[in-house]
Amino acid sequence: MPTTDLDPEELLPLTPAVFHILLALSDGERHGYAIMQEVVESTGGQIKMGPGTLYGTIKRLLAARLVEETDERPDPNLDDERRRYYQLTALGRRVVKAEAERLATLVKLAQGKRLIGKAAHFVGGSHV
Amino acid sequence: MFEPRENRSVERSCWLFQRLLVIYPRVHREEYGAAILQLFRDQCRDAWGRARTRGLIGFWIHAFADLLKTSVLEHLSNLNRNKSMLKYFRPQFTPFPVFFRIFGSVFLLVLLASVIFTFISPETYRSKTEILVKYALAEDTAAAMRLPDHSIIQVQVAAIQSHATLNKVSQALNLPTVWGKKYNGGQPMTESEVESMILSKLEIAPVRNSDIIVISAYSDSPEEAAHLANKVAEAYRQTCAGIAQQNNPTPRTSVAPSVVIIDEAVPNSIPVRPNKSLNMVLGAMFGIVMGLLVGVTGAGLIAAAKKHRNVSAALNC
Numbered sequence: 007m008p009t010t011d012l013d014p015e016e017l018l019p020l021t022p023a024v025f026h027i028l029l030a031l032s033d034g035e036r037h038g039y040a041i042m043q044e045v046v047e048s049t050g051g052q053i054k055m056g057p058g059t060l061y062g063t064i065k066r067l068l069a070a071r072l073v074e075e076t077d078e079r080p081d082p083n084l085d086d087e088r089r090r091y092y093q094l095t096a097l098g099r100r101v102v103k104a105e106a107e108r109l110a111t112l113v114k115l116a117q118g119k120r121l122i123g124k125a126a127h128f129v130g131g132s133h134v
Numbered sequence: 097m098f099e100p101r102e103n104r105s106v107e108r109s110c111w112l113f114q115r116l117l118v119i120y121p122r123v124h125r126e127e128y129g130a131a132i133l134q135l136f137r138d139q140c141r142d143a144w145g146r147a148r149t150r151g152l153i154g155f156w157i158h159a160f161a162d163l164l165k166t167s168v169l170e171h172l173s174n175l176n177r178n179k180s181m182l183k184y185f186r187p188q189f190t191p192f193p194v195f196f197r198i199f200g201s202v203f204l205l206v207l208l209a210s211v212i213f214t215f216i217s218p219e220t221y222r223s224k225t226e227i228l229v230k231y232a233l234a235e236d237t238a239a240a241m242r243l244p245d246h247s248i249i250q251v252q253v254a255a256i257q258s259h260a261t262l263n264k265v266s267q268a269l270n271l272p273t274v275w276g277k278k279y280n281g282g283q284p285m286t287e288s289e290v291e292s293m294i295l296s297k298l299e300i301a302p303v304r305n306s307d308i309i310v311i312s313a314y315s316d317s318p319e320e321a322a323h324l325a326n327k328v329a330e331a332y333r334q335t336c337a338g339i340a341q342q343n344n345p346t347p348r349t350s351v352a353p354s355v356v357i358i359d360e361a362v363p364n365s366i367p368v369r370p371n372k373s374l375n376m377v378l379g380a381m382f383g384i385v386m387g388l389l390v391g392v393t394g395a396g397l398i399a400a401a402k403k404h405r406n407v408s409a410a411l412n413c
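Chains as they are written, first to last, in the working numbering: chain F, 7 to 134; chain X, 97 to 413.
Treat the hints with care, as some may be off.
Said to hold, decoys possible - With a Cα cut of at most 25 Å, we get these calculated DSS-like pairs of lysine-lysine: (1) K372(X) x K297(X); (2) K278(X) x K297(X); (3) K165(X) x K54(F); (4) K54(F) x K65(F); (5) K165(X) x K65(F).
Stated by the list, open to error - If you want the ones that stay clear, here's a sample from chain X, every Cβ over 10 Å from chain F, calculated: (6) L208; (7) Y231; (8) K278; (9) E299; (10) T335; (11) V362; (12) V377; (13) L389.
Unchecked claim - To be clear about the criterion: a stretch of chain X counts as covered by chain F if any three or more of its residues have a C-beta under 8 Å from a C-beta of chain F, and this derived list gives those stretches: (14) 115–129; (15) 133–146; (16) 161–168.
Rather than coming from a laboratory, the hints here were simulated on the basis of the structure. None of the values given here were measured: they were computed from a predicted structure. Positions of the beta carbon are idealized from the N, C-alpha and C atoms, including for glycine.
Please take these sequences and the hints and turn them into a complete structure.
Rendered as structure tokens:
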């Protein structure tokens, strides 16, 4: 089935691990360790995935055609050729966007109920 | 460039972790084992860089728990993937629900048919009269006749079914008219027709090792069955008495037996046919046999058709 035929909404909500991996890949292709670093940095160290979780999740994302493995290396001279790089597919990008919008709607809802301020900034999943 | 001590600690951790990867399913290990180990190595270095041995121990606790959790998940995932493959290439596992559906349908159909047959079948009632047949033969006469016991009984059975007896029954119960209305569209039946019908409704059976004969009569009416059995016994008794008087012998030399009715028939409200319990059991047994035959055949044919269709779909042809 062509991935363009799938409705991203059907895959929502995403688990935190899936969302953060897709978010990490939204800037461009990355290998496993780079994804891990990105997730740790973006969440302030609150989400730490073990190697088994990361590659188990990537395997499922590959099966769901949300990510794909790339053959090209950004700079083969500077990188270990054993590393495997991954990037978002068009469907993966639509899904992570839909999930972000869903979360944004929830944030607006919480703001409307004055649970959080409108100027709140989110760092690592908790607002400051 | 790493310090020697860092190198040793990280390498030992990697060596141990690599061996622990064996708990993953083989397919997953072959596909992602090297990448997982590479990531573990990178994280080990980070942990060592943050807090040396303490950081490495903390990371190991986290990584080991992650290894256990994800290995279970991968094994479960592997099982599900195998099941989904079986759906396409091993459809012989799926016909069991089909078999049970066919088996259940056939079984219920046969059972239902037997129930309907049982309840629409006309009911037949039986009544029995027991008579005692006694010969008053002198020893020399009996010896002269040289009749074995079973032959004597057969003679009596034939006598009960004789025209002389049956005609008396017919006249006593006015059967040509009664049965004419019932079975002949209101027209009186002939004597021969009535006698044939009486015979078809009678069952005469001697009791072994005794002089007792049981006369059973069958009818769709309990009362008629009882009347018929009693009248046959009475008619036979009268016939025997008539023969004895005609011959005018002394009781000592009479060849006609004396007949004593020892148990008169009474209407039996419970029909002997159809035997509802027996019919249900037979219907259920026949339903099981037919269900098995049709179920196995049908499920096999459906499985073969599905296999052909699924394999064609899987191969996109």
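Structure-based check of all given hints:
Between K372(X) and K297(X) the alpha-carbon distance is near 21 Å, which keeps this suggested pair within the 25 Å criterion. Between K278(X) and K297(X) the alpha-carbon distance is near 15 Å, which keeps this suggested pair within the 25 Å criterion. Note on K165(X) and K54(F): the hinted pairing holds, with a Cα-Cα distance of about 14 Å set against a maximum of 25 Å. Straight-line distance between C-alpha atoms of K54(F) and K65(F) comes to about 18 Å, which keeps the hinted pair within the 25 Å bound.
The suggested pairing of K165(X) with K65(F) holds, with an alpha-carbon distance near 16 Å, which does not exceed 25 Å. At roughly 45 Å, the least C-beta separation between L208(X) and chain F is larger than 10 Å, which holds for a residue marked as non-interface. Non-interface status of Y231(X) relative to chain F is upheld: no Cβ of that chain comes within 10 Å, the nearest being about 98 Å off. Separation of K278(X) from chain F is adequate, the least Cβ-Cβ distance of about 76 Å exceeding the 10 Å criterion.
Distance check for E299(X) against chain F: the nearest CB is about 76 Å away, which clears 10 Å, and the non-interface claim stands. Consistency note on T335(X): stated as away from chain F, and its beta-carbon is indeed over 10 Å from all of that chain's, at 95 Å minimum. At roughly 79 Å, the least C-beta separation between V362(X) and chain F is larger than 10 Å, which holds for a residue marked as non-interface. Every Cβ of chain F is farther than 10 Å from the Cβ of V377(X); the closest lies at roughly 54 Å, confirming the non-interface assignment.
Every beta carbon of chain F lies more than 10 Å from that of L389(X), the smallest distance being close to 42 Å; the non-interface claim holds. Given as covered by chain F, the region 115–129 of chain X passes the check, having 4 residues with a CB less than 8 Å from a CB of that chain where 3 are the minimum. For the region 133–146 of chain X, the assignment as covered by chain F holds, since 6 residues bring a beta-carbon within under 8 Å of that chain's beta-carbons and 3 suffice. Chain F is given as covering the region 161–168 of chain X, and this holds because 6 residues of the stretch bring a CB closer than 8 Å to a CB of that chain, at least three being needed.
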